[in-house]
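Q: Residues per chain, in single letters:
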Amino acid sequence: MMLMPPFNLHHPKTVEEACELASTFLANNESFDWVAGGTDLLPNYKWHINVKTHVISLANISGLDTISMHEIGAMARLGALTTSKDVHPLIASAASKIASSLIRNNATVGGNICLDTRCFWFNQSEDWRRSIDWCHKEDCGTGSDCRVIPNQNTLCVATYQGDLAPSLMVLEGMIHIIGPNGQRNLPVEEFFQLDGITRNVLQEGEFILKVTFPEGVEKRTGSYKKLRIRESWDFPEAGVASSWIAGDASTLRIASTALESIPRSHQDEIDGLESGFSSETIPQLSEAIMKSIKPVNNTALPPRYRKSMVRVLAKRSLREILGDRS
Amino acid sequence: MNHRCHQVMRGDVMAGGYRQQPGASSGEVRKDGKRVAGKQKFPPPGSGGSRPTMAPRDLDAIPESVGGKEPQPAGSHIHDRYRTGTEVGKPRALVDSHAKVTGQAWYGDDVRLPNEIIGKILRSPHHYAKIKSIDTSKVEALPGVLAVATGADAPNTFGVLPVTKDEHAMAVEKVRHVGDLVACVAAVDEATAMEALNLFEIEWEVLEPVFDPRKGLEDQDEPIHWRGKYHVGTTNVQKRVFQEFGDRSLVEDPTASSHGKWRMEGVHHGFTEPHAVVAHWDPNGRLQLYTPQQVPHYAHRALSTVLEVPMHQINVIRTFVGGGFGGKSDPFPHEMCAAILARKAGRPVRINFTREEVYWINRGRHPSYIEVKMTADEEARISGFDIDALIDGGGFASFGHVTSYYNGVLATAPYELGSFHYTGARVWTNKPASGAMRGHGAVNTRCAVEVGLDEMAEQMQVDPIDLRLANLLPPHSRTISGFRITSNGMREALERVREGSEWDSKFRQMPLGKGIGIGCGFFISGSGLPIHWDPNRFPHATVHMQIDMDGGVTVHTGAADIGQGSTTAVAQVVSEVLALPIEMIHVRSHESDTSPVDLGSYSSRVTFMNANAAIRAALDIREKLLNAAWEMLGYHPDVLVLNDRRIYYKHDPAVGVSYLEALHKAQEDKGSLISSGAYRSPPMGGVHKGAAAGLAPAYSFSAYVAEVDVDVETGLVSCTNVWAAHDCGKALNPLAVEGQIIGSCHMGLGQVLSEKMVYGRTGHLQNPNLLEYKIPSVHEMPHVTPIIVESSDPEGPFGAKEAGEGPLLPILPAVVNAVYDAIGVRIRELPLTPDVVWKAISAKTKALGGIDETELPSPRLEHSSLQETLVARGTEHKERDRRRQRSEDTSAYVNGVLFGFDPDQPLEDQVEGWRSAVEPVPEQLAELGLAGKAWLKKEQRQMGGDQ
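In the order they appear, the protein sequences are chains P and X. Sequence positions in the first sequence follow this note's numbering and run 1 to 326. Sequence positions in the second sequence follow this note's numbering and run 1 to 947.
With the rest of the complex left out, here is chain P (with noise of 0.2 Å):
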């Protein structure tokens, strides 16, 4: 049994509540923390990873909950993505390949986009990670080095392992961000900011509202392959998610999440395709997002093996978008 550490916990019952609360926080210095599901915070906290003296729950908050083609909001539970019949299919696919039925029930679309990211040397009681001497992440103030990577005392390259975020990517998402200093919204590539301590753009006391597609996000074939030991409950040890408008190769979206410290999106290998996407030119452009990302040794599967897994499923998901079955 672990001991939940005490926190004050606070319900706004508006947007506009909350963000006065966060800046009456972050007035009087004190520290807290959002949560939506809980289900990522909540277990964090019982080992003793970065509690603060105040939480702030959005679950109070009405309006924030929609599913449709061209809007979520941050407090749509996973579990109503998986059967909602107006999402993008390819979202609600992502969706039903997190966690276990039971953790989706409670599990929101902003607290998957948001999720701390992982490492073998961090999830840890306090008493392992003691015995440690910690870690750069969660250095209890003692300064302490990165246990993935010794000796480099600058990044913390912990593990996003979001499964939703690539999805968003590659349905060219918009993320909408409220605080106590306005709205402001950006693409969901832009939102993450390398460093698995920094994770994302949202600045103290800023929370996600939504995410929204595009016109015609609805026309996009899309397909998100996933890789883990077990088939429920496992975190993605690599996860690749791809779209298009079909027979359009311009539209073609690749994204990949699971193997760095913030998901990807793989224009880049895209557009050094010279002969342009096709059944023929997957292979290489397969190869090409695979050697383009690093995954390090902090999650279950070892890094190389992991790193030559993008390249299947890369190959699997561009198989599926072209309807390609062989």
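Hints listed in this document are in silico derivations from the structure and should not be mistaken for laboratory results. Here the structure is a predicted model, which means the values were calculated and not measured. Any given hint could turn out to be false.
Said to hold, decoys possible - Going by beta-carbon spacing under 7 Å, a handful of chain P positions derived as facing chain X: (1) F120; (2) D127; (3) R130; (4) L301.
Every residue gets a Cβ at the ideal spot worked out from N, C-alpha and C, and that includes glycine.
Since the structure of chain P is provided, determine the placement of chain X on it from the hints.
A: Chain X in isolation, oriented as in the chain P frame:
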């Protein structure tokens, strides 16, 4: 008055119900509908169950040999005449299942005592370190802290095996792994206790740790434990074993051979319930300890030693156990800690583990390096097994002494061997201690051996099932190491999985990525000698029984039901013997105060030994009841029949008495009927050192066929179908046996496909949680077809043998062999995680000139002429086995007859060079395997040290 008349008169009374008070009329009802006090309608004679009248005899559940219709292909059994057709052989829900499914079963964490406080354990942050000093003053000063204890409070050592007591309640001198117990504290609540843990001030002297078991074979400056004059050099070798039997010259010039080097990761039991203990010193100063223990008796002994309190002043209360699988069979340091804290604080203390602490206390399967060489001669007889097992024991001995033997000796059957050579070593490392886990010690070697056989079959171009069928030891024989085999259903198990899986139309015939494989198993059904060997011929199991006037039977047993259904098994056999509905049998097994000593739920001994003891106790009661009926009816017990709460004349069921009537008669002037039954296994086995390891009154046999799908591009293996045949002698409860088979399949699949305890670069356990320790989910479960084989063991209760551990063994090799059938690559690294399989596939495609994975050649089989020889021999042996099983042939049979030896003469006299050795001769030292290198060192006493 003749008896028939008597019966008619009784019949009249019966119609009015069995009177509770003499003279009072029955069934009187008041005007307001309430019953009249003292005049309730008492159910009719023969009452007790929910049925108003006697059920007819269930002839389908009474064996042929005593006039029933239950077929007995394996022959009759000594217990047949006590069969009443009531419970044995019928699928029954476990008697404790209602409590469990309604959430009313009380597990360790459900015990709540008034005024209890919370204990927490301070654990070592170092792999290996000396404790120079511990300052607890700040801890004691923290408000809310009620007791603090350190190693100094309990200096006595304990351990589950009396020969290797190397544990303390808390570290006395040094800590031996990260997570080892250093100190403990009890406080008013958990938050305070956790805060207190941060206030200990400890001065450490960090020592150089050892993680690699191969390093453990080398001399160290500071071995993890010191065994005094028996210490092997200054290494970390805890136990070394050498065994050699048979004619080693047979292995020369083999027709086929297999040489495999295996690396098997450690696995954990992964039981649902984390350890939880509550200790309470009652007002009389006796310790009441609540703990989910598989083996309460050894915990009882260890508590007495550590606390320096006589055993009779301790009451060990076994709570419901939320899964054990061997992981709750050691006496545990936290049990001592709770007792010590409770004694200091004067209040009940609870200690609950987190999942991480469960992994730190471990006792899971040993990480192993196993090397198996085997050879077959020109007639495809197995001329030799040469096994070397280096096992990683972690920080403590636990069951390791036994595991060291089991890794070898449990491979001496079910096949007849020309020779057997085994070297084993268990070393201490600075990791959580390994111990006993379902299939104790037999699982890893079994996998290596069965895969080796598959490889030899391929070399000889024969079917691996036929290779096995032509090399089996028959029933009533003796293994090369001297184990006494009684019943043996191996052949039937192989035949039935072959048929069920349609093996002959699939093996080596499926497309790339689809495969089918075979594996067999052999396991002990109870260990012949108890762990605490006792010169006074103490029984292994004792059962007490008591029946009072209400007719309910209270059975007292110390057998620990850990979910395997031992309580149900006891209730069933008592119910069967006394012909009473099972709801009339109440099993009390939780407290050592009321339970006779039972050695616990390990080595698959419970059903065999405890049910045998229960049968004996029930027979005593049965005799008393029959004698009373004799007195009442005038018919001798030999012509009386027990059936559903009635005892009647065999040739006229109308002449009889109800169970209650007979009981009340038997109770005259005595009060409640009580009886006691005990079981002790017969003397058997060889006389060489270690002969007792692996010795059992009976052995179980099993054969599995597994079908797998392998994704050749990713290396992901999924097991789709399993046909699982297990010889459990006689299924007392087929439902429970099937549950054990399917559960074993699940557990074994975890070890073969995904589960491993990952020790990283720094020696830390990287995955002490259930997300990263990958137990297969229901999604990964194949469709399992359980097949029960009943070979009717002559000494088992109603013929039963174990079904709890043996069924786990074959799934590993079956899957590994199926993966070979699917992709043509032999992998000798467990678990077969996708990266391991992919690496092997890549190596193969590279070796074949860089072909694509999808172009891998699938292995195919074209029978050689040996195949016919094997089929002929198998057919011949089938008839031999049938006659021996049914005792139509009672001639002696020892391992070696297949090689032409005379079973009635000592083998040593027949063969020059027939060896039976437990120590290597000097010229062998050079050629020993990895673990065998432990024999290069001398013990301290031989070196003149540490007298």
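Q: Does each hint hold? Answer for all of them.
A: Here is how each hint holds up against the structure:
1. F120: 5 Å, holds
2. D127: Interface hint status for P/D127: holds (6 Å vs cutoff 7 Å).
3. R130: Since the shortest Cβ distance to chain X is 5 Å, the answer is holds.
4. L301: Holds, because the Cβ-Cβ distance from P/L301 to chain X comes to roughly 5 Å (cut-off 7 Å).
Figure legend: structure checked against the earlier numbered hints; every hint is met.
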